[in-house]
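J.: Same order as they appear, the protein sequences are chains A and B.
Just so we're aligned, residue 2 is where the first sequence starts under this note's numbering, counting upward by one.
Just so we're aligned, residue 12 is where the second sequence starts under this note's numbering, counting upward by one.
In short, the hints are calculated from the structure, not lab data.
What you are looking at is a predicted structure, and each value in this text was computed from that prediction instead of being measured.
By construction, the Cβ of each residue, glycine as well, lies at the ideal position given by its N, Cα and C atoms.
Just to be clear, a hint being listed does not mean it is correct.
[Said to hold, decoys possible] Restricting the straight-line Cα-Cα distance to at most 30 Å, the calculated cross-link-like pairs of lysine-lysine (DSBU-like) are:
#: 1; chain 1: A; residue 1: LYS395; chain 2: A; residue 2: LYS382
#: 2; chain 1: A; residue 1: LYS382; chain 2: B; residue 2: LYS227
#: 3; chain 1: B; residue 1: LYS227; chain 2: A; residue 2: LYS320
[As the list claims (entries may be wrong)] Between beta-carbon pairs, the in silico distance windows are:
#: 4; chain 1: B; residue 1: GLY153; chain 2: A; residue 2: LYS395; range: 55 to 65 Å
#: 5; chain 1: B; residue 1: LEU333; chain 2: A; residue 2: ALA263; range: 57 to 67 Å
#: 6; chain 1: A; residue 1: VAL383; chain 2: B; residue 2: LEU27; range: 23 to 33 Å
#: 7; chain 1: A; residue 1: GLY374; chain 2: B; residue 2: LEU120; range: 22 to 32 Å
#: 8; chain 1: B; residue 1: LEU120; chain 2: A; residue 2: ASP315; range: 38 to 48 Å
#: 9; chain 1: B; residue 1: ARG228; chain 2: A; residue 2: HIS275; range: 23 to 33 Å
#: 10; chain 1: B; residue 1: ILE326; chain 2: A; residue 2: ARG450; range: 31 to 41 Å
#: 11; chain 1: B; residue 1: LEU333; chain 2: A; residue 2: THR492; range: 34 to 44 Å
#: 12; chain 1: A; residue 1: ARG137; chain 2: B; residue 2: ILE141; range: 36 to 46 Å
#: 13; chain 1: A; residue 1: HIS449; chain 2: B; residue 2: VAL35; range: 30 to 40 Å
#: 14; chain 1: A; residue 1: MET103; chain 2: B; residue 2: GLY317; range: 28 to 38 Å
#: 15; chain 1: A; residue 1: PRO152; chain 2: B; residue 2: ARG228; range: 46 to 56 Å
#: 16; chain 1: B; residue 1: ILE15; chain 2: A; residue 2: TYR502; range: 57 to 67 Å
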Amino acid sequence: MSGTKEGAPFALKLRGVSKRFGGVQALNQVDFNVRAGEVHCLAGENGCGKSTLIKIVTGVYTPEPGAEIEVFGEPQTGMTPTQARDMGIAVIWQDLALFPHMTVAENIGFDQMVGGRPRLAALGQIRARAAQLLERLGVTLDLDARLNTLPIAQRQIVAIARALMGEARLIFMDEPTASLTQSETDALLGIVRTLSTEGVAIVFVSHRLAEVLEISSRVTVVRDGRLEGIYPTEGMTQARLGELMTGHTMDHQVIARDKSAAAPVLEIDGLSRHGQFEDISLTIRKGEVVGLTGLIGAGRTELAHALIGRTRPDRGMVKLCGREIRPRNIREAISLGIAYVSEDRLSLGLIQPQSIADNISITVLDRILGGLGLISPAQKKVLVSHWIEDLAVKIGRPEDAVSTLSGGNQQRVVLAKWLATEPRLLILDSPTVGVDVGARAGIFRIVHRLAEAGLAILLISDEVSEVYHNADRMLHMADGRLVETYDPRGTTVEAMEARIYA
Amino acid sequence: MSLIHRINRSLGSEALPLLGALLVVVVGFSLATPLFLTASNFGSMAFQLPVLGLLTLAMMVPILSGGLNLAIIYTANISGLTLATVLIAFGGPEAGIGAFLIGSLAALLVGTLAGLMMGLIVAYVGAHPILVSLAMMIFLRGLGEFLTRGGDISGFPDYMKVIGHGSLAGIPVPLLIFIAAAILWHIMLRRTRHGFSVFMIGSNIDAAEYSGIPTKRTLATLYALSGLICAVAGILMAARFNSVRVGHGEALLLVTVLACFLGGLDPFGGFGRVLPVCLALAILQALSSGLNLIGANQHLATAVWGLFLIAVMAIRWAAGRLNITRFGRT
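Sequences and hints are given; from them, build the entire structure.
T.: This is how it looks when you write it as structure tokens:
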């Protein structure tokens, strides 16, 4: 946790900010402030008004009359985005708003290259400054690399450097870690800390509560457009923060049960694949939820890919319900009774532009065939409405594109399409990435119900607390090997995190 | 309102506007010339449309899968050439029905094989469909010109005229062939697992693969089917022109793409239906016939086609804007 910045001057002070869009009250009398050099977290569920607040501060929206806005001690009325930028306010949106076909240097210097009147861009100068900035952030990047050749984490750094190029003193970061791996996240948090010690104020928006508590000194919680409160993160717990954001008490007990007497569903013995995982042996029993955690790159997803036939293991044996299996592709894995919920819901889990109905029926086309082997619209309808009802997916019409749904509801559609295959083993790979705190609980209620019904579940996640609260047993994977098994009843989240991040 | 919704849901939201556009074109030309609304004009349109129509169906499926098939014309030509070769071998004008059947079967096989080869390369090598089909197009053209030495093959038996110029119960045989193909295509796309897979692949091939869709097999199959329907077009062209020449119908290649986009296919794949594409074909044919009847230059028809697509895109854009403002979007 960064030091509190009490006594430091305010970088931004808002009082009584409201905003209406037609009949929707997006923000209602919200107060907010952040001090110079402070890392302040803005927390709240999707649609609570976080983005509206950011857009008001950056001059995109005008607040309703009566709002008081003070930027670096100066009262403001009617800012434009250009004015906000000139005062040193920058936003790094989740989609980064960079230019994929331009180079790193061109992206960093973009705001300096466009101007009111035509002029020659001082490319040499911009390159030198860009190099200097990257050095200050402690990263090495090829200035001439095209942006679309870089991983997301490095693009993020380019976006930060671009903000700093414009002398930003107050930076908003919107879900900066949503698509980063754990180590990339750690690197980003390191950069945030560096900026903070240099006196730059940072407002951090994130769904990941552990991160929020780790990086910021204060957190402002917004719920349904209203200020829930401003809290110091000292002494705050994830559970408490989740409650404040959703307004519900979270059931954060350990649910672990002893399933050692149940029949084994998945038995892995000495499974290895060169460079990915080594000598993996584990058993998952009927009705058991086994958690698999560890750092990104530990080989968790790679192990899952071998189980579903995406890759072939070099050595070892996999048994499903006592029979040895060697699926050659996902189709075979499905017919054997293995379902895999990918960690990448946006590009692998669902076909975003296509309909909810098609996304649910895609895995079970064989089961909705009518006469002449043609797909029966009537059977499809029955299948789709059954799963929408069973998993309580909130949708408009089944023909709507799946992309119109919220993260939590999309994940329910993913579960629906896999449960429709009537699997015996369900592999959940980071099932709550990009899902609201409130909606996560709903997803896990479904998972527990499935386990009760006898499904064997492998839960992969890099959020230790998620595995801790939802698994019967936890496996710790590091460098491609299973290093330890934990019983949640005999340990704590903190103790486990200390081991995993050691 | 609810009727419109019902029609949109069962026929696709593109169908009604295109039907309206067709009506405007037909009424417009009827007022401009008394020759337009006549049986003979409609008859000649019905004979001209099917070749372009079949080739458009061949173009449609690869576009739905997110690809393109630039080789359709030469696949049709080389299939026609196969039929012609068999007929000549059996005596040209004296060749019997059996020879025609064997020749057609061989033509269908050649077309399917050409398509399958492209499909396999697209699926297993991962090369872009534009490159693969461009290569196939150039290969087939070169091969065809080599085999025919750039000339025509003609002199087919008389009974082939029935296919090219005959009518059954007053309906031109070529039109019947096209209607049958369009119905089969509609069923294939909307009711079979293969068709379902084509749409899913068109939107996101990786996610389709992760959902257990046999993406490689689907790609190979869909290009093979595209080649098959090209062969049908090739046989029909041979019957209509009573000759085969490599390069016949060359100008139709981009018109098929135009018809697909006019019919509401998503240029990036994943969305589109057969019926609106058929309506788009009818509009293009009516425009071209109508302009011809009022004595306009044939080149003008091509220009009007292009303008028409631009107008349709502008109208679709405006309608999209209208929907957004009407239903609100923040």
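J.: Indicate, hint by hint, whether the structure satisfies it.
T.: Against the structure, the hints:
1. A:LYS395 x A:LYS382: 16 Å, holds
2. A:LYS382 x B:LYS227: Distance of about 28 Å is within 30 Å: holds.
3. B:LYS227 x A:LYS320: It holds: about 28 Å lies between the C-alpha atoms, which stays within 30 Å.
4. B:GLY153 x A:LYS395: 55 to 65 Å: 58 Å, holds
5. B:LEU333 x A:ALA263: 57 to 67 Å: 59 Å, holds
6. A:VAL383 x B:LEU27: 23 to 33 Å: 29 Å, holds
7. A:GLY374 x B:LEU120: 22 to 32 Å: Taking Cβ atoms as reference, GLY374 of chain A and LEU120 of chain B lie about 24 Å apart, which means the hint holds.
8. B:LEU120 x A:ASP315: 38 to 48 Å: Given about 43 Å between the Cβ atoms, the range holds.
9. B:ARG228 x A:HIS275: 23 to 33 Å: 29 Å, holds
10. B:ILE326 x A:ARG450: 31 to 41 Å: The hint (31 to 41 Å, Cβ to Cβ) is violated, given that ILE326 of chain B and ARG450 of chain A are roughly 50 Å apart.
11. B:LEU333 x A:THR492: 34 to 44 Å: 60 Å, violated
12. A:ARG137 x B:ILE141: 36 to 46 Å: Once the Cβ atoms are compared, 45 Å apart, the range 36 to 46 Å for ILE141 of chain B and ARG137 of chain A holds.
13. A:HIS449 x B:VAL35: 30 to 40 Å: Taking Cβ atoms as reference, HIS449 of chain A and VAL35 of chain B lie about 60 Å apart, which means the hint is violated.
14. A:MET103 x B:GLY317: 28 to 38 Å: With a Cβ separation near 33 Å, MET103 of chain A and GLY317 of chain B satisfy 28 to 38 Å, so the hint holds.
15. A:PRO152 x B:ARG228: 46 to 56 Å: Violated, since PRO152 of chain A and ARG228 of chain B (Cβ atoms, about 32 Å apart) do not stay within the stated range.
16. B:ILE15 x A:TYR502: 57 to 67 Å: About 59 Å separates the Cβ atoms of ILE15 of chain B and TYR502 of chain A, which means 57 to 67 Å holds.
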